[in-house]
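Colleague: Could you put together the complete structure from these sequences and hints?
The numbering of the sequence shown is UniProt numbering, which starts it at 1 and goes up by one.
No false leads were mixed into what you were given.
Using 20 Å as the maximum straight-line C-alpha spacing, the simulated SDA-like pairs for lysine to any residue come out as follows: (1) LYS50 x LEU86; (2) LYS121 x PRO131; (3) LYS340 x PHE305; (4) LYS105 x VAL138.
FYI, nobody ran anything at the bench for these hints, they're computed from the structure.
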Amino acid sequence: MHITYRPGSKNGKADALSRAKDNIEVINDDFILPRTCFATIKLSLWDVIKKNTPPIDQTIPSMALTTQNGFLFHHQKVFVPSAAVLSVLQYCHDSPLGGHGGKHKTLDLINRFFWWPRLQKDTVSYVKNCPVCIRAKVSHQRPQGLLQPLPVPQIPWEDISMDFIVELPASAGYNTIMVVIDRFSKMANFLPHAGIPTAAQTASLFVREIFRLHGLPSTITSDRGSQFTSLFWKAFCKNLHMQQSLSTAYHPQTNGQTERTNGTLEQYLRCFTSHLQDDWAELLPIAEFAYNNQIHRSINSSPFFVNYSQHPVMFPGSPLVSNIPSMDQRLMACIHDGFKQVRSALLSAQRSYKHYADRHRVPAPLYKVGDLVWLSSKHVTLNCPSRKLGPRFLGPFPITRVVSSSAVQLRLPDEYKIHPVFHVSLLHPSEPDPFPDRTPSRPGPVVAVNDEEYEVQEILDSRFRRRRLEYLVHWTGYGPEEDSWVSAADVHAPDLVRAFHMAHPTRPRRGRLVGGLCQGSIPPLLGCSPVPGTGGHSDARSVHQSSSLVANLQSEARVRTFSRANKGRRTLERSGRPMAVHTSSETAGEVPHKESPG
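Modeller: As structure tokens, this is what we get:
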């Protein structure tokens, strides 16, 4: 017999047999919500309606109500008193059975069983202003903001636009193309470069390849790439008296001319490059010639002809004689005829583009400073495992400055690290909720001993960061954009921690859970307290019905406040976010609320 060492990680069966059964963690597979929970929910709704139903002699005779078993009926539908309307709306819309349906689906569901005056108006208003729906659902409305074309230049190379095509296969040592477009003549220069150029390298390319051929432009239009937002580039443009025109955040249409040219160049290279795609650098000069020699519909001419008043020779040995005018004729044609015709064609093309583009858009609301808006999460990094199941809108955030009719500046948390000016197409106005009791306003701090604490709704995720366990906390009354990672050492929420790990046993944890689920009654889904919002997170809710049970286990959850010397606290305080958590039935209702932080 030979004894050979085998690591414990590869010897799981024997390792399990050597363990005492008391140390084996009990896995509770009973994830199905008991029938009694549904019965409790059902009774809660009927109890609320019955409790608030007035005597029939106190109702308006024109309603034609009848009474039976303590309820009032209107054409075989239960009459809902005004005090119970919110409970019915929450049950038919907010609950898992309601499913956050649209206005038509929710209205149909309510109409099957209930009736009250203004039922349709209340339902439509409730669904329209549901914060969970706004965050979670994709907008199918036409984008806001009519087309606002850039001013048409007066002469060639007065106004240029710049962009980069990056991450190309290596070719002759290059993998990036700098694209420069003259917005008047549409002439383009395609400049290869090794890697993404820095601001200094971009300036060097500009001087060597653009300035030496065309002089200094008055305006440079670009996106918000790091090259164009750097202090070096700003100083470079300022010293040469060139005005920067940067696009709003995540709105490439501002630099649409260059974006369209990028697509045309990529299309050309796809047609002629080899299978290995390593020869595009050799094709670039020919691609530039072909692009500048082709007619552009917006100017009814080719860039070559607009710049030089003649077409380049394209066929060697051609018997055709080039009609080259004299110097005086050429200057007169360019200044008095050519440029006027080109500018007239550009203005006509702009009007046509605007007409057709505005058919698929709607005018933006007239925003003003202080208005609250929802921000599309399309370009924001989310604290959730999958963007597919993440929120579609974040906020609402206040407007701090109206830049123009199509762009506004928002007050965002510091950790977003994105430019705060957004095109109105990425925004959705936040209207005052006609049902303020549906969701609690953003709560202020709960006054604790020597510290401030905030309410927490649930724990969403866990992770190890620098060998330290952290929990992702969803704050009560705040959107998913306010979720933050909190050290496990600062979490005094045993019930929520236990509920989270019961629902997600594979997530990082510390120690062993003792006992089963936390004790405590399930709060009534349909009473005066609203259904907890999902906040767009999917990782703390499985398709099992146990998720509904876990989401309601929120008794006595506390998180200790960070010390003021803590670096993380100072960072979050600057962003206006809550620092710690406190959910306590004894104190939560006694603290006045403060205004929503930005």
